[in-house]
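Residue numbers (numbering that gives the first Met the number 0), protein chains in the order written: chain A, 0 to 93; chain B, 0 to 364; chain C, 0 to 468.
Rather than coming from a laboratory, the hints here were simulated on the basis of the structure.
One should not assume that every hint holds.
Below 20 Å or equal to it, Euclidean Cα-Cα: the simulated EDC-like pairs (lysine to aspartate or glutamate) are [said to hold, decoys possible]: (1) B:LYS207 - C:GLU32; (2) A:LYS88 - C:ASP126; (3) C:LYS431 - A:GLU79; (4) C:LYS374 - C:ASP126; (5) B:LYS73 - B:ASP17; (6) B:LYS145 - B:ASP170; (7) B:LYS72 - B:ASP42; (8) A:LYS88 - B:ASP170; (9) B:LYS266 - B:GLU7; (10) B:LYS207 - C:ASP299; (11) C:LYS393 - A:GLU79; (12) C:LYS458 - B:GLU300; (13) A:LYS88 - B:ASP172; (14) C:LYS458 - C:ASP332; (15) C:LYS70 - A:GLU79; (16) C:LYS70 - B:GLU300; (17) C:LYS431 - A:ASP34; (18) C:LYS393 - C:ASP332.
Derived CB-CB ranges, DEER-like [as the list claims (entries may be wrong)]: (19) A:ASN25 - C:ASP238: 43 to 51 Å; (20) A:GLN75 - B:ARG320: 28 to 36 Å; (21) B:VAL178 - C:LYS161: 31 to 39 Å; (22) C:LYS266 - B:GLU339: 47 to 55 Å; (23) C:LYS310 - B:PRO312: 18 to 26 Å; (24) B:ARG320 - C:GLU39: 39 to 47 Å; (25) A:GLU27 - C:LYS215: 24 to 32 Å; (26) A:ASN25 - C:HIS14: 46 to 54 Å; (27) C:SER367 - B:ASP127: 23 to 31 Å; (28) C:PRO401 - B:ASN183: 44 to 52 Å.
Glycine is no exception: its CB is placed at the ideal position from the N, C-alpha and C atoms.
The chain contents come next:
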Amino acid sequence: MKNKILKVLKSNIDELSLRKSLYWINTECLWEINDENECWSVCLSCDSSNIEKEYMHLNALVNDHIIRYKLSSNLQTTRERIISNALSKLALDE
Amino acid sequence: MLLERINELKLVETNAPDGLYRVNFGQTEHITTNFSLPSISTDIDTAEYYVLCPEFSSSFSDGDIVFINSRRKKIIGFLCKSAKNNTVLVTEKCDNLCDFCSQPPNENSDTHLFINAAQAIIEFNSKDVVGITGGEPTINKSKFLKFIDMLNIANNNTPLHILTNGRAFSDVDFCKEVVRKTKNRDVVWGIPLHGHNQALHDECVSSKGAFKDTVNGLINLSYSGAYIEIRTVVTKKNYRFLKNITELINSSFAFIPVHAIMNLEPKGWAKRNFDNLYISATDQISYIEDCVVYSGLINQEVVLFNYPLCTIPDNLRGSYRKSISDWKNYYPDFCDNCNEKELCGGFFVSSKGKYLDNTIARIKL
Amino acid sequence: MSDLTKLPFNFRRLHNSVIVSNLAGQHQFLSKEEFEYLVESQYQRIPQHILASLESKNFICNNSEVEMRTKILTSKYASRVYNSLLPPSLFLVVPTLRCDHDCHYCQVSRVSESASGYDLEEKHINDILHHINFLSREYIKIEFQGGEPLLNFSFVKKFVTKAREVLANKKVEFVIATALGPIDSNKLDWIQDNNIQLSVSLDGSELIHNKNRPSKQINSFKNTVDTITKIQNSYKNIDISALSTITKESLSAQTDIVETYTKLNLKELFIRPLSPYGFATDTWSKLGYTADEFMKFYEDTLDYIVRSKIKVVEFSALLHLKRIFSQSTTYVDLKSPAGIVFGAVCFDYNGNIFGSDESRMLWATTKSNELILGKISSPPKETYKNQNTLALLKDTFIEVNPGCSECAYSQYCGADPVHHLSTQGDLVGHKKNSFFCEIETKMFDFVFNKYYTDNSYKKMFNNWLGECC
């Protein structure tokens with residue numbers, strides 16, 4: 000097993016979004032999130048044959064989740080409102 | 000009073016007071032009901048009233064509904080079996096002011112229009128579609144509901160094609176009432192959408208807030224299961240956004256079975272604004288094509304109204320409709336050698352002169 | 000420009016592009032740069048026609064329209080959920096578990112031809128029809144599955160006759176899923192006279208087909224091909240469709256399948272991947288493959304169809320296209336919510352009622368009774384209310400499933416609770432390890448990518464959607 004560390008600014012992403020990125024990492028890898036004040040520090044442990052690939056994958060996933068986190072600050076409440084209004088409307092119509 | 004004229008005949012003489020009559024040559028059985036209109040004919044023996052009018056027998060048949068206007072010495076065909084399209088005007092009031100309005104609105108009283116329309120439709124008792132138009136038929140909600148009530152009470156089942164800007168349907172309760180009252184009748188709602196966003200649509204109909212109301216109306220009406228035909232009149236302002244209007248339709252409402260794309264008719268205000276509005280059919284085609292392809296993916300029909308057939312490429316011919324009523328069309332000189340004249344609706348009579356698109360003459364298909 | 004607002008959407012990266020999608024089920028294909036501009040709100044840098052499409056599809060709007068567009072998204076989403084929850088129209092009836100084939104990938108726990116105690120008895124016909132009538136609306140499709148339904152042909156005949164009586168006021172179609180072993184002229188006469196459709200398996204060339212689907216008495220391939228030909232010549236009114244289940248063997252066969260189908264003048268082809276569940280681990284290692292291996296095969300096959308301009312419609316692609324463009328809910332495997340119960344209801348030979356074919360199969364191997372909806376013998380009104388079913392259904396809303404809620408394909412994909420229950424032990428599963436998720440993601444990637452970057456694919460897909468709606 001080899002380790003690699005990824006650091007991300009907390010201002011860019013919250014813990015939930017970080018965990019959502021890690022959801023898609025090869026489940027044979029191990030990972031740990033450490034709180035380092037201004038950033039998150041993710042320690043990724045994989046087989047030496049996989050570590051580079053998974054680390055790059057993690058990077059890409061985190062970047063996309065940074066985008067999602069940024070968009071969600073405005074859009075998440077709207078999305079939830081849409082879903083809950085739609086479903087309660089359906090419940091009423093019954 | 001303006002009516003959609005199928006035929007306007009010169010009235011020589013009559014003993015009938017002004018109003019609506021049922022033509023009766025005595026050739027078919029007619030069962031009188033509580034709502035029967037008085038009968039009229041050129042033959043004194045076959046009807047309650049007579050009329051002296053040379054072309055009467057060749058223009059009308061038993062059961063047709065005509066309007067006698069003695070002051071203007073005219074007999075007007077109101078609902079006629081021989082007409083390809085029967086349309087009745089129920090009001091001239093409207094809450095939109097479309098640049099291209101072919102029936103510019105006014106504040107004239109419309110109660111008699113509604114009543115005449117109801118009586119005529121009931122008497123005519125057709126199984127074929129009758130169009131309802133205006134102005135905006137639903138501008139007075141209770142009047143419109145009463146109109147439908149009148150038809151229902153008389154047990155009339157005539158299918159209707161109702162043109163409306165849909166704004167009144169943003170009122171959920173009104174929408175529910177209308178749907179309830181028309182549930183046993185075949186109704187097609189023809190609702191215009193001229194833009195894919197508020198800015199464009201409101202500009203085309205010169206009415207702020209129109210898009211919002213129409214969209215809300217379409218949401219309410221489409222999800223109630225009503226059969227809707229959305230209509231777009233193509234002008235310089237919106238022709239490049241036709242596909243976006245289709246995208247809006249498909250993203251926003253319940254399934255809309257028909258999208259009618261309409262070439263400009265040089266009538267009413269369209270004539271006045273012609274140069275600002277008109278975009279040649281040939282310039283529209285690639286945008287129309289995008290719509291047709293996109294609609295094809297979801298089994299939505301696109302129909303093209305008021306286009307000369309020669310402007311429509313083969314792959315779009317399935318959408319072409321010979322739509323210009325036979326009493327308002329003509330074929331300019333450059334159509335003389337065309338071998339598709341039979342299939343083509345020609346041009347609007349109102350487009351004669353400077354409104355005729357001569358670029359069409361150069362098309363050889 | 001500065002008064003534009005974004006509305007909620009999901010995104011997914013393809014090679015050099017990004018797909019965005021929203022709760023209205025709309026999508027837009029963007030270049031990497033256009034996506035960046037969208038995220039950074041640099042709308043003036045997005046080409047006009049793309050901006051107009053983003054607006055009309057409810058991804059962005061003018062500030063003044065936010066409330067209206069939110070209402071649009073709400074009603075559109077509500078109507079799509081509503082459509083997914085309409086009463087089922089597909090009903091599966093299992094006349095027998097006996098079978099005359101030994102298909103290697105059979106997930107049904109079939110029994111031998113002569114076994115007894117595995118037939119659905121005719122006395123249950125009325126009860127089943129009672130359930131079907133209770134559950135359905137105006138349109139019904141009844142599919143006979145098995146085992147081999149034709150081995151209990153008398154049941155099938157009686158059922159169809161009775162069904163036509165009981166369900167006279169509804170529109171009913173019948174299909175028999177058969178391996179054609181017991182087929183003969185009498186059966187074909189009856190099938191044609193009664194307007195029954197046939198669904199058969201044709202896995203590829205003789206070598207592949209017989210390897211996948213051996214039968215002790217007959218040459219399955221030859222019998223299938225002969226019967227199809229006979230139907231095309233002498234029973235022209237019988238609607239017969241064929242599907243092809245892909246095993247490890249099939250992967251090496253390249254264009255065999257397409258060639259077999261075109262030689263037989265079949266205009267429709269349905270390539271179905273195997274699911275890992277229901278198999279013992281060593282069976283899967285013999286029969287199965289990775290998602291990548293399947294996709295390589297699938298893409299090569301479609302490429303072959305496009306390049307050689309063969310006039311055949313491939314159904315897997317078409318179903319995905321239909322989901323993308325019209326969010327059609329007719330394919331029970333790609334439905335959210337549900338798919339269980341609301342997709343199909345299955346009446347098993349042993350009197351159990353299941354919410355899908357997969358639940359029936361899973362129950363046969365695990366005997367987990369929570370998969371049973373009820374019994375044929377119980378009155379319909381009492382049957383469909385049990386807590387297990389409700390629990391199962393509530394886990395099928397894809398918008399709230401981890402892994403799915405942010406996926407750009409969530410509006411087109413489906414929740415497959417039974418698949419995850421059987422492969423991972425819970426109804427939702429971890430999507431990273433889900434064969435279903437991997438295949439579906441790759442299928443959608445493939446379809447979107449080809450549609451928007453390859454004009455010959457776009458044309459072909461447009462034709463398919465136009466013909467087959």
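Taking the hints in turn, this is what the structure says about them:
1. B:LYS207 - C:GLU32: violated, 35 Å
2. A:LYS88 - C:ASP126: violated, 35 Å
3. C:LYS431 - A:GLU79: violated, 25 Å
4. C:LYS374 - C:ASP126: holds, 10 Å
5. B:LYS73 - B:ASP17: Within the cut-off at roughly 10 Å; holds.
6. B:LYS145 - B:ASP170: Between LYS145 of chain B and ASP170 of chain B the Cα gap is close to 17 Å, so the pair holds against 20 Å.
7. B:LYS72 - B:ASP42: Roughly 19 Å separates the two Cα atoms, so the pair holds.
8. A:LYS88 - B:ASP170: holds, 17 Å
9. B:LYS266 - B:GLU7: holds, 18 Å
10. B:LYS207 - C:ASP299: violated, 54 Å
11. C:LYS393 - A:GLU79: Given that 20 Å is the threshold and the Cα spacing comes to 17 Å, the pair holds.
12. C:LYS458 - B:GLU300: Given pair LYS458 of chain C, GLU300 of chain B holds - Cα atoms ~19 Å apart, limit 20 Å.
13. A:LYS88 - B:ASP172: Distance of about 16 Å is within 20 Å: holds.
14. C:LYS458 - C:ASP332: violated, 26 Å
15. C:LYS70 - A:GLU79: holds, 13 Å
16. C:LYS70 - B:GLU300: Since the Cα atoms of LYS70 of chain C and GLU300 of chain B sit roughly 26 Å apart, the hinted pair is violated (cutoff 20 Å).
17. C:LYS431 - A:ASP34: violated, 26 Å
18. C:LYS393 - C:ASP332: Status holds; Cα separation ~17 Å.
19. A:ASN25 - C:ASP238: 43 to 51 Å: 46 Å Cβ-Cβ, so the 43 to 51 Å window holds.
20. A:GLN75 - B:ARG320: 28 to 36 Å: violated, 47 Å
21. B:VAL178 - C:LYS161: 31 to 39 Å: Distance hint for VAL178 of chain B, LYS161 of chain C holds at roughly 38 Å.
22. C:LYS266 - B:GLU339: 47 to 55 Å: violated, 33 Å
23. C:LYS310 - B:PRO312: 18 to 26 Å: holds, 23 Å
24. B:ARG320 - C:GLU39: 39 to 47 Å: Once the Cβ atoms are compared, 46 Å apart, the range 39 to 47 Å for GLU39 of chain C and ARG320 of chain B holds.
25. A:GLU27 - C:LYS215: 24 to 32 Å: This hint is violated: roughly 43 Å between Cβ atoms.
26. A:ASN25 - C:HIS14: 46 to 54 Å: Roughly 22 Å apart at Cβ, these two residues miss the hinted range, so it is violated.
27. C:SER367 - B:ASP127: 23 to 31 Å: Roughly 60 Å apart at Cβ, these two residues miss the hinted range, so it is violated.
28. C:PRO401 - B:ASN183: 44 to 52 Å: Once the Cβ atoms are compared, 49 Å apart, the range 44 to 52 Å for ASN183 of chain B and PRO401 of chain C holds.
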